[in-house]
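Asker: Given next are the chains, with one letter for each unit.
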Amino acid sequence: MTPSAIIKLRFIAFTEKARLKIVVTVKQIPDPNATLKLTSDNRLARDGEVVLDPGDEYGVEAALRIKEAADEAEVVLVSMGPAKAADAIRKGLSMGADRAIHISDDGLAGADALTTAQVLTAAIKGESPDLVVCGCESTDGSTGMVPPMIAELLGFPQLTFAKQVEVSGSKVTIQRQTDVGYDVVEADTPALITVTAGVGEPRYASLKGIMAARSKEVKKVGLGDLGVTRGKPAEEVLEVVEAEKRQAGEVIEDDGNAVEKIVALLAKVKAV
Amino acid sequence: MDFAPSDLAESLREEVRALCRGFPPEYWREHDHAGGYPWEFLKAFAERGWLGLVIPERYGGSGLGVTEAGVMLEAICESGAGLSGASPIHFYLFPLTPVIHHGSEEMKAAWLPALARGELMSAFGITEPDAGSDTSRISTRAKRREGGWTISGQKVWTTNAENAQKILLLARDQPRDDAQPYAGLTLFFTDLDRSRVTVRRIEKLGREAVDSNEVFINGLEAADADVVGEVGKGFAYLLDGLNPERIVIAFEAVGIGRAALRIAAAYARERVVFDRPIGRNQAIAHPLAAAWAKLEAAELLAFKAAWLFDHGRPCGREANAAKLLAADAGFEAADAALQTLGGFGYAKEYHLERLWREVRLYKIAPVSQQMVLNYLAQHVLELPKSY
Ligand SMILES: Cc1cc2nc3c(=O)[nH]c(=O)nc-3n(C[C@H](O)[C@H](O)[C@H](O)COP(=O)(O)OP(=O)(O)OC[C@H]3O[C@@H](n4cnc5c(N)ncnc54)[C@H](O)[C@@H]3O)c2cc1C
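Heads up: the protein sequence lines correspond to chains R and X, in order.
The letter at position 99 of the first sequence is residue 99 when you use my numbering, and the numbering goes up by one with no holes.
The letter at position 10 of the second sequence is residue 10 when you use my numbering, and the numbering goes up by one with no holes.
Same shape as in the complex, but just chain R (with noise of 0.2 Å):
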């Protein structure tokens, strides 16, 4: 054997057992500053600003800060989306993940979370990811059931709400993020997380990131490709209504007796 053939045959080991591949399902919504308007079937009109889901941005931003610490890890993209959806994901790529695979297929317009979640997955397996990396709930539809489904479908263990995350070996540790303060979680690879603002503000892209990500493959396929087939949908919107505005409150003003105003008015709200 020459030596160059072992300093191949080393790479290959040391390339195989340190990638970390991990998957974020990124989302584009139409921008959450902006006022949304309803088509007349109930469906947000997509055709105004649009923007990758800040959520997202943080689940991109934990990929990548998971990927620095790691040897050597891979960050690729997976979202569902019309053609536009490509500017989402080009932001995604433009902030350092390397390679993106857009699902985009006129069969899946208006599709529930079920729906979405069964695509989403079947894209995500052919990947064999360590780790899938989601935002907790979308900002346009806010169901936050997507990330469990997904868990449920890829039979992976779910760990929620992490507000830091760490990979070591084959366990990925998470600080879960509590109304009273964080529980520790920890569970075996390949697992898929949610994660919360708390991982750190989502970096800009530099002006050399954003032409990197120009070149870097972002690979389209459609329901064909993924090899599944449309289900009747799981849920369906039956009416949309608008919040209730806030009423006004009541001032009281104390002209001695406003304790007995209040209890009487706590007594009537039955809030006492």
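Check each hint, because a few of them may be wrong.
As the list claims (entries may be wrong) - Computed Cβ-Cβ distance ranges for the label pairs, DEER-style: (1) D41(R) x M1(X): 31 to 39 Å; (2) A197(R) x A110(X): 53 to 61 Å; (3) I252(R) x E349(X): 31 to 39 Å; (4) D2(X) x R214(R): 43 to 51 Å.
If you are wondering where the hints come from, they were derived from the structure by calculation, not from laboratory data.
Heads up, the beta-carbon is just placed ideally off N, CA and C, and yes, glycines get one too.
Given the structure of chain R, go ahead and fit chain X with the ligand onto it with the hints provided.
Answerer: Okay, now just chain X with the ligand, sitting in the frame of chain R:
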């Protein structure tokens, strides 16, 4: 014809917008008031490689064109940063064109990478008290000495001179000859050696955050290696940078106009006078609408000029016309916006008065509207030269 903005332009715009969100109008108001250089802003752009946008890749930049530079600067202005934010970045782009195109290999290798990283700052010393529009009248002299040059004279309006380590300096190596007024001018890219140079800040109408100065030069020593290109050809090199600079200035003026309209439209929708939002009065709405249309037109011409330049085609008429239209449209938008806010337009709190003061500059500098019209009359309409 394809009017679709490129994916790259879209990404640049979006990222610059995001970066600028960290610098709200109050940041600019404070810097305008106290006159401190916006270092944090410059650093945010430097760290992410934006200062090297037009610097070639082999010197650490990104080697992009005027189109991308214009998109970046318009987005900065549009964020509400105005010229207080655009000027510090602007000075890493176009005053450097002669160095990028005509500087020696050693000069470029020595300075461009540090400039791209924002570790160095440069000033641009052309204008003199007795020579503004007519550059041939400069009197700062460069005299040969053993191994180099000694430069003495006076510059005015030199932006960045308070902090710059380097200066791109135009000086006469030969007395002016009426037959060839633009010959005998040499361009130096040299150290701004403060033992030989005195800098005095000029108090001005706007953009107080970014200093413009009187610069007194007394025996400044420059090496032969500091000469950009060939001795005596400085003016020709300077011309190379004029068109791209005019183009990005057009984008900046449009950006300020858009920022002003955004503030004014929001105000006109909300402000109720005589029981109706003032925006319902056409005397308020129409000037804003007309200003928007003019900004669109100016921006379109700026994009065309940028496209021509980036494709290596002549663009003098388009670059000049874009600057003319944009400077007028930007100011008109700011003025209509100011009027919309009534008394509050005059208040610092609404940030319009700062934008209004800032955009006014572009009717004067770096080239006045009159000189642009002179150019178009002479070079497009072939009318006799008027001066
Ligand atoms: C804030 C600011 C920053 C600047 N920064 C820099 C810098 O960094 N470096 C630098 O070198 N310069 C800088 N300048 C200078 C700027 O480029 C000049 O002000 C500009 O070129 C005009 O020259 P001037 O002020 O001497 O006006 P002048 O040339 O004296 O002109 C005065 C007026 O007469 C008009 N005029 C003159 N001749 C004619 C003619 N033939 N036909 C019609 N009208 C005519 C002009 O248009 C103008 O309105 C800056 C200026 C300002 C205000």
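Asker: If a hint holds in the structure, say so; if it does not, say that too.
Answerer: Quick rundown of the hints versus the structure:
1. D41(R) x M1(X): 31 to 39 Å: 36 Å, holds
2. A197(R) x A110(X): 53 to 61 Å: 44 Å, violated
3. I252(R) x E349(X): 31 to 39 Å: 34 Å, holds
4. D2(X) x R214(R): 43 to 51 Å: 18 Å, violated
The structure does not agree with the numbered hints 2, 4 stated previously, though it agrees with the rest.
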